[in-house]
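J.: Spelled out, the chains give:
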Amino acid sequence: MTDKNRTLQGIAASPGIVMGPALVLTQGAQVSSRMLYSPQEVAEELERFSRAVDQTEEEMTRLKNEIAEDLKEHAHILELHLLILRDRMLLEETQRLIHEQNYNAERALQQAFLKIKELFQRIGDKHIRGRIQDVETVYYRLLGHLTGQIGGRLLSSSEPVIVVARDLSPAETTQMDKARVLGFITERGGKTSHTAIIAHSLEIPAVVGLDSATLEIESGDLIILNGLTGQVTLNPDEEAIWAYRTTRNEFEIFKAEVSLGSALPAVTSDGHTNRVLANIEQPEEVSLAHDYGADGIGLYRTEFLYLRQRQLPTEEELFQDYRQVVAAMAPREVTIRTLDIGGDKFLSPLEYAPEMNPALGLRAIRFCLKEQKIFRTQLKAILRASAYGRVRVMFPLISSPREMQEARQLLEAVQEELRQGKVPFDPKLPVGAMIEVPAAVTLAELLAGYADFFSIGTNDLIQYALAIDRVNKQVADMYQPLHPAVMRMIRDVVQAGLKADIPVAICGEMAGDPLNIPILLGLGVKELSMNPMAIPVVKRIIRMTSLREATEFARQALSKATEVEVNDYVTRKMNDRFPEIFRFGRPLANNLAP
Amino acid sequence: MELWVENRLGLHARPVAKIASAAQQFDAEITLEKDGLVVNARDLLAVLALDCPQGTRLVLRARGPQAREGAGNIAALFARKFGES
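Protein chains in written order, with the numbering used here: chain A, 1 to 594; chain B, 1 to 85.
The shape of chain A in the complex, shown without the other chains (with noise of 0.2 angstroms):
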């Protein structure tokens, strides 16, 4: 017997607060993205797969023998099962990954089943939309017997549960049944790892990081998990049980107001109109973009497709991923940051040493301007994909105009080969800038000749003006976006786009923060771009405040001499302000940095 109201603290990790008896899961089936690196380790991860497909055919062709004649029906569905086993879709598919792409059988099964997901979700009768739910249970049978565990383990449970683990992987947390998961805990992970992400978007509350939660919580005991604050309480008394109910329903309120408003234009209460934009890295993001009402994407970055395996990829595969993007948002606009790396994170033929100094080293546009075939490519197909919607392209880590010349002439060059050849692009494509360098900063003026428009990378711009790595736990204390130096970086910038008559947009983490909210628009920033979940939160504070009333509050924290006076100031104002800030507005935009 557990004592009462015992406190756990973990990490925040997805928000809501939820009460409920525990169901501790003692070991995860992990989803690895370990590759194959031999003809050799493919061959056996191929009979491994075929071994497991075998495994799961036999378990169900027992089971359907053993149903007994007065549950037919069950049959009929095994039947079905056996023959989505064997289904091309995805066996095949699998196989090819794990062949072409070098995946691990359980990355790949997990692909060709969310690719399948995908194909479902387009199909218009809810009837056949729904059999995925079969494909489903056949998914986790056979990844049950790869992983050398019984498939399932989430679905056994029938009343709904706080569900406790090590540890889950994506795959798991994405199959987690509303109905059934109240939420999760969750040892390992932190604030931004994919099982958070997942949590948060499929808005299962959820706290990570809690060390020692399986051994701590028991299966049965009832806990109440507070996903707004990463605690988590073991079993609560009367008096804890009534102060949940009490910030369960307050927070419940507050949630609907936000995304009932989220869907509307980001109108300041005296009428100034703004944008509020998402970052995604991938085209399945797009729905998430939608779903948290973005006017527009805001930051597409394009890496993944560069990492993900170890030949660059076509500019055929590139262009698909672009014209899905864009044709999906059409008729908003997306904003495509080209490739934004180091020659040394290159898994492909490439050789390029391990540098000493990363971030000042060869990486974005000094890397694209120097192996040109390669951003070439990227150039043709962000162009083809222009074609299909609305389409900017900017180019990351600008520190000076030559930059800008030689990579529009770049874009000019191919935009001339596209003619050529007949192939559609928007001819008027608006090509930006990236403000990320000091130097960028300084030349703002200049470079407004050579842009189209600016988007302000703050995650960079901050780290280099304030010469601080905020991996490094020394200083991680001192990246303060609020500093000083920032803010009256982000007026430059501001006030150089209006000179020039080009926008300005920021694109870093500090725009997805509700607290910086006022800051920025009294900055003069008119478009931010974010996180998809931090979006409507966002809007509500937009249209919660008049631009007048930003002004003046930017004013103010452009007064004060040091950054720490800064953040006292914004807490203080803040808080007056918008008194569920701090409780539920930030935890909702997955903002809880301090």
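Incorrect hints may have been included.
[Claimed, not checked] Just the calculated beta-carbon pair ranges, DEER-fashion:
#1 B/VAL38 to A/ALA353: 48 to 54 angstroms
#2 A/ARG419 to B/LYS81: 20 to 26 angstroms
#3 A/PRO438 to B/VAL38: 53 to 59 angstroms
#4 B/VAL38 to A/GLU281: 40 to 46 angstroms
#5 B/GLN24 to A/GLU118: 24 to 30 angstroms
#6 B/PRO53 to A/ALA353: 56 to 62 angstroms
#7 A/ALA413 to B/GLU6: 54 to 60 angstroms
#8 A/GLU159 to B/ARG63: 51 to 57 angstroms
If you're looking for bench data, these hints aren't it; they were derived computationally from the structure.
This structure is a prediction, so every number in the text was calculated from the model and none was measured.
Ideal Cβ positions, reconstructed from N, Cα and C, are used throughout, including at glycine.
Let chain A serve as the given structure and place chain B on it in line with the hints.
T.: Then chain B, alone, in the frame of chain A:
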């Protein structure tokens, strides 16, 4: 050959399972076409994903040694509305 989906629920799991099982029994390549999309009749998930409610028109084609038997068998399933209403 032209086929019409006549059963009330359309090509849901059970009819498609019947089609796929039938197609797998014959030494023939049997395809179904809907609005220009062609799938192999033995691919259960692909046929399901064709999304065929009641009233859908499909074109069935068969090639191979047992093309005639295979096509006939599947056409018969459609004609009997897969044993449903």
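J.: Confirm or reject the claim that B/GLN24 and A/GLU118 have a C-beta distance inside 24 to 30 angstroms.
T.: 26 angstroms Cβ-Cβ, so the 24 to 30 angstroms window holds.
J.: Does the Cβ-Cβ separation between B/PRO53 and A/ALA353 fall within 56 to 62 angstroms?
T.: holds, 60 angstroms
J.: When you take the CB atoms of A/GLU159 and B/ARG63, is the distance between them in 51 to 57 angstroms?
T.: holds, 53 angstroms
J.: Assuming the hint says 48 to 54 angstroms, is it satisfied by the Cβ distance from B/VAL38 to A/ALA353 or not?
T.: holds, 51 angstroms
J.: Between the beta carbons of A/ARG419 and B/LYS81, is the distance compatible with 20 to 26 angstroms?
T.: violated, 56 angstroms
J.: Taking the CB of A/PRO438 and the CB of B/VAL38, does the distance hold inside 53 to 59 angstroms?
T.: Once the Cβ atoms are compared, 58 angstroms apart, the range 53 to 59 angstroms for B/VAL38 and A/PRO438 holds.
J.: Determine whether the Cβ-Cβ distance between B/VAL38 and A/GLU281 falls within the hinted range of 40 to 46 angstroms.
T.: violated, 34 angstroms
J.: Is 54 to 60 angstroms a correct range for the gap between the Cβ atoms of A/ALA413 and B/GLU6?
T.: holds, 58 angstroms
Hint compliance for this structure: hints 2 and 4 are broken, all remaining hints hold.
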